[in-house]
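I would like the entire structure built from these sequences, with the hints used as guidance.
Quick mapping for you: the protein sequence lines, in order, are chains A and B. The numbering used here puts the first residue of the first sequence at 37, with every later residue one more than the last. The numbering used here puts the first residue of the second sequence at 160, with every later residue one more than the last.
Treat the hints with care, as some may be off.
[As the list claims (entries may be wrong)] Pairs of lysine-lysine residues, derived as DSS-like cross-links and limited to a Cα-Cα distance of at most 30 Å, are as follows:
#1 B:K249 <-> A:K332
#2 B:K166 <-> B:K188
#3 A:K38 <-> A:K299
#4 B:K188 <-> B:K206
#5 B:K206 <-> A:K366
#6 A:K299 <-> B:K206
#7 B:K206 <-> A:K288
#8 A:K281 <-> B:K206
#9 A:K221 <-> A:K447
#10 A:K47 <-> A:K366
#11 A:K447 <-> A:K38
#12 B:K186 <-> B:K206
#13 B:K319 <-> B:K333
#14 A:K288 <-> A:K45
#15 A:K447 <-> A:K212
[What the hints assert, rightly or not] Quick partial rundown of chain B residues pointing at chain A, CB under 7 Å, derived from the structure:
#16 K206
#17 E212
#18 P255
For the record, the hints were derived by calculation from the structure and aren't laboratory data. Each residue gets a CB set at the ideal place from its N, CA and C atoms; glycine is no exception.
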Amino acid sequence: MKQFIFEAKQKQFLMGLMALGAVCLVLSYIFEPDSIAEAGFHQRFWSNLLHNGAFFTGMAFMTTFVIAAFVTAYSGWHVMFKRLWEAFSLFLIVGLVIFVLLGLGNVFHLHHLYHWAAEGITDPSSPNFDEVIAGKAGFLNNGWYIGGTLLIGGLWYFIARRMRQLSVQEDIDGDKVENFAYHRKIRFWAALFLPIAAFTGPALIWQWVMSVDAHWYSTLFAWYSMASWFLAACSLTILLLIYLKSLGYFEKVTVEHLHDLGKYMFAFSIFWTYCWFSQYMLIWYGNVGEETIYFKERLTHYPVLFYGNLFVNFALPFLILMRNTTKRRKGTLVFTAILVFIGHWWDYFYMIKPGTLITAQEAAHAGAHEAAQHGAAGFVAGFTIPGLLELGIMLGFVGLFIYVVFHHLSKVSLDPVNDPYYEESVHHEVQPYE
Amino acid sequence: MKSHSKKVLFGLYNDEEELMAAISGAKSKHLNIMDVYSPFPIHGMEKILGLEESRLHIVGFIFGMIGTLTAFLGMTWIFTSDWPTIFGGKPYFSLPAFVPIIFELTVLFSAIAMTVVFYIVCGLGFGVDNPILDDRITDDKFCLAFQTNDLSGTDVSNIKKFLKESGAAEIHEKEV
Numbered sequence: 037m038k039q040f041i042f043e044a045k046q047k048q049f050l051m052g053l054m055a056l057g058a059v060c061l062v063l064s065y066i067f068e069p070d071s072i073a074e075a076g077f078h079q080r081f082w083s084n085l086l087h088n089g090a091f092f093t094g095m096a097f098m099t100t101f102v103i104a105a106f107v108t109a110y111s112g113w114h115v116m117f118k119r120l121w122e123a124f125s126l127f128l129i130v131g132l133v134i135f136v137l138l139g140l141g142n143v144f145h146l147h148h149l150y151h152w153a154a155e156g157i158t159d160p161s162s163p164n165f166d167e168v169i170a171g172k173a174g175f176l177n178n179g180w181y182i183g184g185t186l187l188i189g190g191l192w193y194f195i196a197r198r199m200r201q202l203s204v205q206e207d208i209d210g211d212k213v214e215n216f217a218y219h220r221k222i223r224f225w226a227a228l229f230l231p232i233a234a235f236t237g238p239a240l241i242w243q244w245v246m247s248v249d250a251h252w253y254s255t256l257f258a259w260y261s262m263a264s265w266f267l268a269a270c271s272l273t274i275l276l277l278i279y280l281k282s283l284g285y286f287e288k289v290t291v292e293h294l295h296d297l298g299k300y301m302f303a304f305s306i307f308w309t310y311c312w313f314s315q316y317m318l319i320w321y322g323n324v325g326e327e328t329i330y331f332k333e334r335l336t337h338y339p340v341l342f343y344g345n346l347f348v349n350f351a352l353p354f355l356i357l358m359r360n361t362t363k364r365r366k367g368t369l370v371f372t373a374i375l376v377f378i379g380h381w382w383d384y385f386y387m388i389k390p391g392t393l394i395t396a397q398e399a400a401h402a403g404a405h406e407a408a409q410h411g412a413a414g415f416v417a418g419f420t421i422p423g424l425l426e427l428g429i430m431l432g433f434v435g436l437f438i439y440v441v442f443h444h445l446s447k448v449s450l451d452p453v454n455d456p457y458y459e460e461s462v463h464h465e466v467q468p469y470e
Numbered sequence: 160m161k162s163h164s165k166k167v168l169f170g171l172y173n174d175e176e177e178l179m180a181a182i183s184g185a186k187s188k189h190l191n192i193m194d195v196y197s198p199f200p201i202h203g204m205e206k207i208l209g210l211e212e213s214r215l216h217i218v219g220f221i222f223g224m225i226g227t228l229t230a231f232l233g234m235t236w237i238f239t240s241d242w243p244t245i246f247g248g249k250p251y252f253s254l255p256a257f258v259p260i261i262f263e264l265t266v267l268f269s270a271i272a273m274t275v276v277f278y279i280v281c282g283l284g285f286g287v288d289n290p291i292l293d294d295r296i297t298d299d300k301f302c303l304a305f306q307t308n309d310l311s312g313t314d315v316s317n318i319k320k321f322l323k324e325s326g327a328a329e330i331h332e333k334e335v
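Below, the structure written as structure tokens:
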């Protein structure tokens with residue numbers, strides 16, 4: 037079947053997930069953990085929005101990046117399911133809406149996710165004045181946050197859309213143009229997007245995610261979080277491909293393509309660990325106070341998050357996917373893909389929640405700066421580990437993401453017959469023996 | 160590695176398509192193929208020949224683990240009991256600092272072991288004389304070879320007939 041039909045049953049199910057997510061978001065607005073409830077920040081709600089917004093928007097961004105990288109590198113094997121990735125990349129627009137909301141929240145002080153957005157933080161006469169953050173105010177400010185999100189994110193979306201348009205147009209009359217004109221145009225945009233993504237991706241990651249710990253910074257952070265995004269996108273690709281194949285779509289996507297996607301999941305799990313460990317070990321060895329406090333905080337108060345992250349994102353995929361056979365069997369592939377997807381959602385939880393909790397506690401007990409820094413002891417619902425509401429919100433966002441993907445998928449033919457690499461993808465072979 | 164000489168009967172083909180067809184034909188006739196030589200890798204050849212998965216990676220895994228243990232136990236012994244040294248105020252047993260060396264020795268051990276084992280298994284290496292059936296199989300000829308040491312005269316003539324029928328441009332016998 038060349039045309040994906042987005043059936044009413046699927047729509048209802050995904051709508052149901054979204055409704056569940058919305059209910060959980062509202063509940064997380066109401067049920068604020070006791071230690072910061074008095075201040076009325078609704079930190080749990082806002083940090084959930086940031087966590088899921090960053091995670092799912094990043095998946096769309098990394099998919100765009102991977103399309104661009106593959107096209108530039110003359111890759112052919114992925115062509116068979118490139119429509120799925122193109123549909124992924126169009127989620128960027130939804131993510132931008134979320135981040136503009138969060139940015140407006142900064143401007144109007146609706147939330148205290150970012151310490152640098154607090155009132156009077158750069159004003160030496162204010163009680164809120166913070167010298168370190170004042171020194172970073174050239175980058176950590178509302179103009180950069182909203183302007184950067186709109187400009188950079190808008191540029192990402194524009195290029196993602198352009199590449200998809202050309203790719204869809206190629207389907208229609210690509211056989212009539214000379215010299216693979218459409219593919220050459222896609223190549224142009226892809227090559228353009230690579231440096232843009234390399235420079236602007238980290239800038240937005242620092243703004244969106246890393247600056248929740250406004251005093252702390254790590255030059256490896258962007259690599260590490262981008263690897264996380266890619267793994268999440270890769271595992272969701274595997275899950276959706278297997279699901280869509282079971283419905284009869286993508287019949288030319290074979291076990292060989294899934295094998296390669298499994299390899300990507302395996303290899304990038306190791307790459308992720310490499311980045312994670314490099315960041316950890318350099319800070320641990322350097323032992324500079326303002327850097328080490330980040331890990332000290334997490335090791336002391338969030339041991340489950342910290343070690344669970346390594347276990348699910350490194351040990352399990354590494355051991356499970358090491359053998360060839362596990363990458364070729366649907367059961368193990370689905371199992372690992374679900375693990376990796378949740379693992380990297382967990383990873384973003386670990387990046388965002390401790391920092392936002394400290395910021396809220398500091399703001400709630402303004403003045404008692406030092407006490408708040410070390411006051412995160414004990415279990416805090418929705419922050420120490422993901423609670424049921426957080427899981428519900430994740431399901432809601434999964435529903436939203438897949439809804440957007442299916443919506444765009446149903447608009448175009450799934451079979452990119454005029455792609456110059458079509459034949460190569462049909463005959464893709466990874467393992468020549470049985 | 161040259162224990163006893165092999166009698167080899169081989170056909171040279173001009174085209175890889177002919178070679179592939181000949182392999183399928185030999186398989187269907189249950190002829191025992193010794194080896195196939197080609198100037199370049201041919202897509203789908205492994206499946207027709209029925210080759211099994213290489214077991215080389217098992218060697219890689221075992222020696223990788225030996226490398227892991229060597230690095231881990233070695234460094235633990237050196238830095239905790241043999242010659243305890245304090246680096247940067249860290250404890251004697253500092254696992255994070257060991258990890259890069261553990262990783263490197265794992266890679267080193269498995270890489271060297273796989274290379275050495277690969278050479279041994281293939282009978283390659285310094286001082287090993289590997290007879291070549293025909294110089295042109297590295298250039299423009301495709302070769303299908305049968306070992307005929309233990310075969311009777313009728314079997315050999317059968318193979319010869321098969322080679323001729325399957326389109327071999329030349330048929331040779333050679334003792335290597």
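Now the hints, each set against the structure:
no. : hint              : in the structure
1   : B:K249 <-> A:K332 : 15 Å, holds
2   : B:K166 <-> B:K188 : 21 Å, holds
3   : A:K38 <-> A:K299  : 27 Å, holds
4   : B:K188 <-> B:K206 : 17 Å, holds
5   : B:K206 <-> A:K366 : 22 Å, holds
6   : A:K299 <-> B:K206 : 22 Å, holds
7   : B:K206 <-> A:K288 : 20 Å, holds
8   : A:K281 <-> B:K206 : 25 Å, holds
9   : A:K221 <-> A:K447 : 22 Å, holds
10  : A:K47 <-> A:K366  : 25 Å, holds
11  : A:K447 <-> A:K38  : 11 Å, holds
12  : B:K186 <-> B:K206 : 12 Å, holds
13  : B:K319 <-> B:K333 : 13 Å, holds
14  : A:K288 <-> A:K45  : 25 Å, holds
15  : A:K447 <-> A:K212 : 22 Å, holds
16  : K206              : 6 Å, holds
17  : E212              : 5 Å, holds
18  : P255              : 5 Å, holds
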